[in-house]
Amino acid sequence: MISRALNEKFYRAYMTFFEQAERSRRWNPFTDIDWDGLKDAPMDDSLALCAETFCGVEMYLPDYVDGHLDMFRDNFARAWFAATWGYEESKHSLTLWRYLVTSGHRTDEQMHELSERILAKQWRPPFATGRAMTAYGVAQEMTTFVIYAKQRRLAASRGHRVLADVYKLIAKDEMAHAQYYEMILQHYLDEDREGTLNDIALVFYNFTMPAYDLLPDYDARVAVMRAAGIDRGVYLTEVWGPVFKRLKLTRHDLPRPSRERKEAAR
Amino acid sequence: MTRIDVVALFRQAALEVHDSQLDTLDMTTVISTLGLDSVAVMEMTGFLEDTLNIRIPDEELAEVETLGDLDALIQRLTGAEETT
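Residue numbers (my numbering), protein chains in the order written: chain A, -5 to 260; chain B, 286 to 369.
Everything labelled a hint here was simulated from the structure, so no lab data went into it. Hints should not be assumed to be uniformly reliable.
Calculated lysine to aspartate or glutamate pairs in the DMTMM-like style (CA-CA distance at most 20 angstroms, straight line) [as the list claims (entries may be wrong)]:
(1) A:K166 - A:D102
(2) A:K242 - A:E188
(3) A:K3 - A:D68
(4) A:K242 - B:E345
(5) A:K115 - A:E188
(6) A:K239 - B:E348
(7) A:K242 - A:D186
(8) A:K239 - B:E345
(9) A:K144 - B:E348
(10) A:K162 - A:D38
(11) A:K85 - A:D102
(12) A:K242 - B:E344
(13) A:K162 - A:E16
(14) A:K144 - A:D159
(15) A:K239 - A:D186
(16) A:K242 - A:E232
(17) A:K166 - A:D26
(18) A:K239 - B:E344
As the structure is a prediction and not an experimental result, all values here were calculated from the model.
Kindly produce the complete structure, drawing on both the sequences and the hints.
What follows is the structure, encoded as structure tokens:
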């Protein structure tokens, strides 16, 4: 049971997140992207496949939101965050969908078919508690941010300005989500440092990105996705490095995963 | 200080942490080609740190690509490189 004091901190964290979003981060997929600029853009199958893959991962939205709400149904701030987060994430898949269709890489029919195949499978949360899922949220949002930032640079370097702009907008949301989860994790650390470090370690040593393995044609996507891959160096320095720094932790503060704990996490 | 056999230790770490038997390892082996995911490699790094009682800074660990890189880093952190 979460204490009233902790819940009040969660509420303030959510209001900080929400106010910043309303005041300065909201974007409109219909008016903030120069869709007309796609008329002159060259075709690029590998960039399109990556965009389609990210779109597919974002399409598991019903499961992500359901997982959130199932865990936090009785917690005002966290349930409201789930709703806001779901709205923002819904724009990501819609925007990538629109990019793929407007650029001519896919048809609406193909995208509908993809969505049906995706929604036929279900994603389930990888960890059982709200605190561990918060740590997972930090890692997942930071990883997604890093991937979109890489894709943005890649798209820009190949002359795909519109796609680069799409990734820029989405990446900004992902960073905001990561920073919200960090705030929550900091509050958990303040209340129960040892237990929270255990949960961070559990996630750090067992992390995988959500839903990639559920996607249709997963194997065919892997080779193309390598360019956006998160290797050990990136995972350490770009995903967890900034998180640890802001939480005033290092990898060495985390308990080493025991064999028993690893088995329990699987 | 005696030079540490990093290849043997890495092989032991793979077995202890990941139940992986890595037979053909040498200094030129690129770690990312061993079929271990990055999280497993970090667990193995933890094993090495505990065994040798050292701490490998994340920024330096991020730069390691081959077992030779890891060897050089570990010899330096344990002070073994001075006698070799």
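### Task
Could you tell me which of the hints above the structure violates, numbers in ascending order?
Checked against the structure, the hints that fail are numbers 1 and 5, while the rest are satisfied.
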